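**Q** Sequence:
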Amino acid sequence: MKRLAILGASGHGKVVADAAQCCGWDHVDFYDDAWPGRARNGKWLVVGDSAAMYTRLHSYQGVVVAIGNNAVRHLKLKALFEASAPVVSVIHPAAIISQYASVGPGSVVFAGAVVNVDAKIGFGAILNTGCSVDHDCVMGDSVHVSPGARLAGAVSVGERSWIGIGASVRQMISIGSDVVVGAGASVVSDLMDGVVVVGVPAKVIPTE
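Going by my numbering, the sequence shown opens with residue 87, and the numbers climb by one from there.
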């Protein structure tokens, strides 16, 4: 029996669990620091907190972090790597990933997502429902591409950046680390680290 541990009992976690079962994981357990107050996540049990998960890693063939916050997910995954945990990716069978693309460990790729030839995805990415990452894109660690977002060819995205739902990014654009691209935004020029952009075309907005 293939057993998967998921850290983070959230709505996002439920989608990860469902995708995992669709691609052959027989048994899924959730761990969350809200346990024991939180004992279920939809159809799945929450069986302990994060400390308990570390003591039981030998019981699982895989572990994945289902936390939507990019910075938190990044830190949790780095800790799991340091603990030599069996970090895996979960890729829904209805996703389309080129045989010439690469997806780093701890990533999740949901139904309808497309990753084209020579795209390189770092660890801990979320490629959400129906998004597309075109040829030669390079994505850093712990990036989230939201549902329906579109990255054209040869786009680069720095680690922990978030591309919002329905956003689009023109070809050959460079997006820095820790960037937030708002829902429906259209990015047509390069973005430096740490900015928040919204609108069509996307413009930087103050964050303080």
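None of these hints come from the bench; they were simulated from the model. What you are looking at is a predicted structure, and each value in this text was computed from that prediction instead of being measured. C-beta: ideal position from N, C-alpha, C; glycine also. Any given hint could turn out to be false.
Derived BS3-like pairs (lysine-lysine); straight-line CA-CA distance at most 25 Å [said to hold, decoys possible]:
hint, residue 1, residue 2
1, LYS162, LYS100
2, LYS206, LYS162
3, LYS88, LYS129
4, LYS100, LYS164
5, LYS88, LYS100
Per label pair, the in silico range of CB-to-CB distance [said to hold, decoys possible]:
hint, residue 1, residue 2, range
6, VAL286, ARG142, 40 to 50 Å
7, ASP279, LYS88, 31 to 41 Å
8, PRO287, PRO179, 19 to 29 Å
**Q** Checking each numbered hint in turn, tell me which of them this model violates, lowest number first.
**A** 8
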